[in-house]
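Protein chains in written order, with our numbering: chain A, 89 to 227; chain B, 89 to 227; chain C, 89 to 227; chain D, 89 to 227.
Quick caveat, the hints were computed from the structure, so don't treat them as lab data.
Given the structure is predicted, the values throughout are model-derived calculations rather than measurements.
You may find that some hints are simply not true.
Identical copies go unnamed one by one, so any copy, or any two together, can satisfy a pair.
Dumping the calculated DMTMM-like pairs for lysine to aspartate or glutamate here, alpha-carbon to alpha-carbon at most 25 angstroms [said to hold, decoys possible]:
(1) Lys-191 - Asp-122
(2) Lys-179 - Asp-122
(3) Lys-191 - Glu-120
(4) Lys-191 - Asp-207
(5) Lys-191 - Glu-181
(6) Lys-191 - Asp-108
(7) Lys-213 - Glu-181
(8) Lys-191 - Glu-202
(9) Lys-213 - Glu-112
(10) Lys-213 - Glu-225
(11) Lys-213 - Asp-94
(12) Lys-179 - Glu-202
(13) Lys-179 - Asp-207
(14) Lys-179 - Glu-225
(15) Lys-179 - Asp-94
(16) Lys-213 - Glu-202
(17) Lys-213 - Asp-122
(18) Lys-213 - Glu-120
One letter stands for each residue in the lines below.
4 protein chains.
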Amino acid sequence: MNADLDAVRGIFGGAPFVADLGIEPTRLVAGECDSALVLQPRHLQHSGQVHAGVMATMADHTAGAAAQSMVRGGGLIVTAELKLNLLRAAKGERLECRARVVKPGRNLMFTEAEVLCFDGTGSTKVATLSATMAVVEPR
Amino acid sequence: MNADLDAVRGIFGGAPFVADLGIEPTRLVAGECDSALVLQPRHLQHSGQVHAGVMATMADHTAGAAAQSMVRGGGLIVTAELKLNLLRAAKGERLECRARVVKPGRNLMFTEAEVLCFDGTGSTKVATLSATMAVVEPR
Amino acid sequence: MNADLDAVRGIFGGAPFVADLGIEPTRLVAGECDSALVLQPRHLQHSGQVHAGVMATMADHTAGAAAQSMVRGGGLIVTAELKLNLLRAAKGERLECRARVVKPGRNLMFTEAEVLCFDGTGSTKVATLSATMAVVEPR
Amino acid sequence: MNADLDAVRGIFGGAPFVADLGIEPTRLVAGECDSALVLQPRHLQHSGQVHAGVMATMADHTAGAAAQSMVRGGGLIVTAELKLNLLRAAKGERLECRARVVKPGRNLMFTEAEVLCFDGTGSTKVATLSATMAVVEPR
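Excised from the complex, chain A in its bound form:
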């Protein structure tokens, strides 16, 4: 297990919405974070596929954790904007997200993430994220 994982676990467990959905961190190194989610009926759209909002939450939060790992000093990461591309319908048992910082900066961090959906036979990339994270001073 990665040494920084306890710190980032706090970023996930300490966020009520993320904890409520069941999204958990699985890996953290400088500038990269992975997470996983066991799918439940309440995560779905009326059509039976995973709701875009679940994937947006997972990708945004995992990318935010990746960005937080690159902050020097006491700054906090907040999302300025995110774009989520929904490549395919997500139907399966589990989601995994892999996020990374594409370009770190003092005030802005550019991040990317992808969401994979696993069913009994394998995994499929179902969504990609491009998000701009801002570094703000804590009040």
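Please build the complex by placing chains B, C and D on the supplied structure of chain A, with the hints as guidance.
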């Protein structure tokens, strides 16, 4: 109350993730849909503000309902991509979302939405959405 | 004519790419900027419609000028990211762009713009922009 | 040289705006396209860096060519929306763009691209694109 509201209420109530969060439709006319959400602790980020994923879910679903209201024939709306801009920290008691179709089409619908946060003293625009919705044939 | 128009005219005339394309400012007030472009064959796509890159350039630059008008002190606006939605094929004689700052800030400005295409019979909205502008200190 | 390069060269040379800027294709295989641009003073922003509109044009057109290479039948690719992230100021002698189709489809193609800037000492990634391309029937 709008005549079509029963139909769109099904789009919200029939989507487990949206029903679980507590997002409810409040208005529907052709090409426009509004929704509301009473904020609870589980909707929050670790910092106490509303999680971006909550606003992404609300804006995406409300814009999807606006697009669904413009579909001719039996097509179903699915989100192709969404961009959410997070203008300010959202802290308050209630969110409202107002979505509309900017350009309807046979295969694609361009939509926009804004999310307002209400506290005891008034409302503030906290997020804007730009999303491309695809019309797919039901299988 | 607006009093600040001379200043913003420099933002347009001083940018070689914008001057080369022929994009000109037509209006500037605090947080808002409009521009116009007389279409020429070299602005087109192979299909005869205006190239998306022309509209991206026009919307980005006009939104940047709107943001620059809101900067306090000596900061310079640079685009962090832009999203352009192409609503319809743009065919006509002239483009107009209307941009505004949706949310000003010390480090970030959220902007929006729309592009209208004019032919002999009237105007049509052909594109919308959502862009995040960063305020950077001049070196 | 790739066998299909003559066909895609037409996609570039036949688009007046792209030909006027000087953007040229350098590689094409199914679902992937690269292009290059020798920078000239007219491509610049007032600050001396490459204008975002130049990179938007290059990335959009190269991604569109990659998408066109995946179309079955007589459909034509048009851009539905594009998002460009501007990672760093682009200053140098030459741009290169590498685009690919992330997810092909009958009606929609999800594409990505990156833009590299070359100066005397090496290359830097200066921009990334995420764009949704629509397949339309020729009239």
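Structure-based check of each hint:
1. Taking the closest pair of Cα atoms, Lys-191 and Asp-122 come within 25 angstroms of each other both inside a single copy (18 angstroms) and across two copies (22 angstroms).
2. Proximity of Lys-179 and Asp-122 under a CA criterion of 25 angstroms is satisfied intra-copy only: 20 angstroms inside one chain copy versus 28 angstroms between copies.
3. In this homomeric assembly, Lys-191 and Glu-120 come within 25 angstroms of each other (Cα to Cα) both inside a single copy, at 12 angstroms, and across copies, at 24 angstroms.
4. In this assembly of identical chains, the alpha carbons of Lys-191 and Asp-207 lie at most 25 angstroms apart only when taken from different copies (19 angstroms versus 33 angstroms within one copy).
5. For a Cα distance limit of 25 angstroms, the shortest separation of Lys-191 from Glu-181 across copies, 22 angstroms, qualifies, whereas the shortest one inside one copy, 32 angstroms, does not.
6. With identical chains, the CA atoms of Lys-191 and Asp-108 are never at most 25 angstroms apart, being 30 angstroms at best within one copy and 31 angstroms at best between copies.
7. Taking the closest pair of Cα atoms, Lys-213 and Glu-181 come within 25 angstroms of each other only inside a single copy of the chain (14 angstroms); across copies the shortest separation is 36 angstroms, beyond that limit.
8. Both within a single protomer and between protomers do Lys-191 and Glu-202 lie at most 25 angstroms apart by alpha-carbon distance, with minima of 16 angstroms and 13 angstroms respectively.
9. Proximity of Lys-213 and Glu-112 under a CA criterion of 25 angstroms is satisfied intra-copy only: 19 angstroms inside one chain copy versus 31 angstroms between copies.
10. Within a single copy, Lys-213 and Glu-225 get their C-alpha atoms only as close as 35 angstroms, which misses the 25 angstroms cut-off; across copies the closest is 22 angstroms, which meets it.
11. Taking the shortest alpha-carbon separations for Lys-213 and Asp-94, neither the intra-copy value of 28 angstroms nor the inter-copy value of 32 angstroms comes in at or below 25 angstroms.
12. Taking the shortest alpha-carbon separations for Lys-179 and Glu-202, only the intra-copy value of 16 angstroms comes in at or below 25 angstroms, while the best inter-copy value is 29 angstroms.
13. Taking CA atoms no more than 25 angstroms apart as the test, Lys-179 paired with Asp-207 passes inside one copy only; the shortest distance there is 7 angstroms, against 38 angstroms between copies.
14. In the homo-oligomer, the alpha carbons of Lys-179 and Glu-225 lie at most 25 angstroms apart only across protomers (18 angstroms), although the nearest pairing inside one protomer, at 40 angstroms, exceeds that limit.
15. Taking CA atoms no more than 25 angstroms apart as the test, Lys-179 paired with Asp-94 passes in neither setting, with 30 angstroms inside one copy and 28 angstroms between copies.
16. Proximity of Lys-213 and Glu-202 under a CA criterion of 25 angstroms is satisfied in both settings, with 7 angstroms inside one chain copy and 20 angstroms between copies.
17. For the identical chains of this complex, Lys-213 and Asp-122 are neighbours both inside a copy (14 angstroms) and across copies (24 angstroms), given an alpha-carbon limit of 25 angstroms.
18. Proximity of Lys-213 and Glu-120 under a CA criterion of 25 angstroms is satisfied in both settings, with 18 angstroms inside one chain copy and 18 angstroms between copies.
Hint compliance for this structure: hints 6, 11, 15 are broken, all remaining hints hold.
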